[in-house]
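Trainee: As a plain string of letters, each chain reads:
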Amino acid sequence: MSDAPPLLEVRDLTVAFGDGNRAIRAVEGVSLTVQAGEIHALVGESGCGKSTLAYALLDVIPPPGRVIHGDVRFRGRSYGQMGKTELRTLRAAGVAMVFQAAMNSFNPVVTIGHQVEHTLEAHPRVFPSVAAGRAYFEELLQRLRLPPERIWNAFESQLSGGMKQRAAIALALLLKPAVLVLDEPTTALDVLNQRLVIDILKELHASLGVTIVFVTHDLAVVAELAQSVAVMYAGRMVEAGRVDDIFGRGRRHPYVAALLEAIPSLLDDGLQVHPIPGQVPDLAHLPTGCRFAPRCPLARQICREVEPIGQSDAWGHEVACHVVNEELLPSGGPT
Amino acid sequence: MSLLDVDGVTHRYGPETDDRPVLDAVDLHLDDRDIVAVVGESGCGKTTLGRLAVGLARPVDGQIRFDGRDVWSLRGRDRLGYRRAVQLVQQDPYASLNPGLTIENTLGDALLYHRLVTRRQLPAKLVELLADVGLDATPEFLRRFPHQLSGGQRQRVAIARAMSLQPRLVVADEATSMLDVSMRVSILDLLLSFRRERSLAYLFISHDFGVVRYFAQGGRVIVMFYGVVVEAGPTEQVIRQPRHPYTYLLLQAIPVPDPAAARRRAAVDTDARTEAPPARTGCVFSNRCPWADERCRQTAPPTIEIAPGHTTACWRPEQIPTETVTVRRGAPDVA
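Each protein sequence line maps, in turn, to chains A and B. The first sequence finishes on residue 334 if you use numbering that gives the first Met the number 0, and the numbering steps up by one all the way, no holes. The second sequence finishes on residue 334 if you use numbering that gives the first Met the number 0, and the numbering steps up by one all the way, no holes.
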């Protein structure tokens, strides 16, 4: 073990859309550490800021969004200190992304192979020749259980949604990035393709050693794939920790508890579900205090007045909740 | 006499010479207040079956009867009555609502067309409808356009539109798959509450066995593979003791929101899932089936009743592991 900086680190990041008083903070004061070799999940519902956070990991937040506080660091180096060339290299060989609905991310009028060649020509330093790059891409396709010859010559319209999704993952891995970020990699797929993508990502993680960060709203996929989890709600991180701590019986943010109780599943108690009352707050009209308080069964007076901050227990399991964190106080208070 | 009879229905979109029909001699019967769920992967024909049930397409062979009468023989007032009595809730509330119509027009036009209300009664009726589906029951809400609503609100509007005509059968085609997890159960509960309050049957189309298990409790499920019904029976029985290999593999593929259970299941998994296309001769599933033998590849199996009300089209159902497929939560990791 060394004191080397973590592979990817988000420090107190706030991303705003719009100006001045009317700015909407899609991500507010979020910190996150991704260690090399992890599979990390970012979880939350529509509009919670999880995709914006994923975009921030590549410094590709769509305008008018911008970072107004905090920063993101790759191997200890802040994106704010990087020049254009360095950022370009970062996005190619440092952190690669598979966007949501990646099946629509190919150019429909050129073959997949042509698009791979474009990528190889734009980043000539990764492989000695385009042919070597092609050979590596075809190896990736095989790992993704796709027929290399057919994919290389295909236009995107000739592939099924599940195949396009996997071809997009192969393209993202082409330049051997240290981190692969996937935005909702399983969402538009049916059960069998979803299972295939889960199994393949596990295999790629094991065989290539690539660090994976994925965004999802599906806690079942998190349970199957992730090692670490961060749960977001209305722009804030409410809980973070190892997957077994999040799903375990110990401390748990009331929002996460409610989410887990809202999923009908094949588990033996999978029929005992309860909807979460109310709605996710509008980011333009946030409640004072805890953002989950209006829907929370445990909420007290303090929850409606003061926004809670995340506190970790001895195992690094972080929860941002006044009520849940009370139990930490007698044993010495927040760390 | 059933409410809906689908008798030996075959459907194809292309010319007769196309290899496989989308639906191949499908039988299905629904009584008043029944809930029948249709499960299968993308492209298995579930949506086509729903479209035929509501009369959006005419089957190339076989018959669809509503109240005992062939729906394609109905004329004039009878046909209008059928179109009113069978309603559809579609998957994507971003696509199923006309973006140029206010909620008032979205909901009001059908009521006026079917002469269920007069123009004078309409405003009060519309507000009542909004209240029925848990939306903000105000005249202001009626003046909104779909783009001003969240996904969950839109789906409630789509449900209000279907329920406004007092249907006897509602086809719900993946009605919750585009919604956030926390919204899903409340939409399912809303649909179920309409069934309790009115005499209403559901044809519920989904690829998610977890959702099906919750919605079709006490009802039936049919499992389709490439246009063929491979298994049908009482919901919980099919889920706990699948008697067709395809059902078994689908259930195994579904992620469960519990990491310990997920690891345990991954260890017993047979890795028999492939993307093999349907077989042209013999059993339609034989290309993918881990237990297929020579007979399966030669001769299509007949549909047999394996338990009361529980049918399977499999030569070798005894090959399927009998341990229950619903999963124990947590539990030790020891094998």
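These aren't lab readings, by the way, just hints derived from the structure by calculation. Bear in mind that the values here come from a model prediction, so they are computed numbers and not experimental data. Worth double-checking, as some hints may not be accurate.
[As the list claims (entries may be wrong)] If you only want the chain A side, here are some residues facing chain B, beta carbon under 7 Å, derived:
1) Val108
2) Leu218
3) Ala222
C-beta atoms are modelled at their ideal positions from N, C-alpha and C, and glycine is treated no differently.
Trainee: Next, verify each hint and record whether it holds.
Mentor: Now for the hints, and whether the structure bears them out:
| no. | hint | in the structure |
| --- | --- | --- |
| 1 | Val108 | 25 Å, violated |
| 2 | Leu218 | 5 Å, holds |
| 3 | Ala222 | 5 Å, holds |
Consistency note: the structure conflicts with earlier hint 1 alone.
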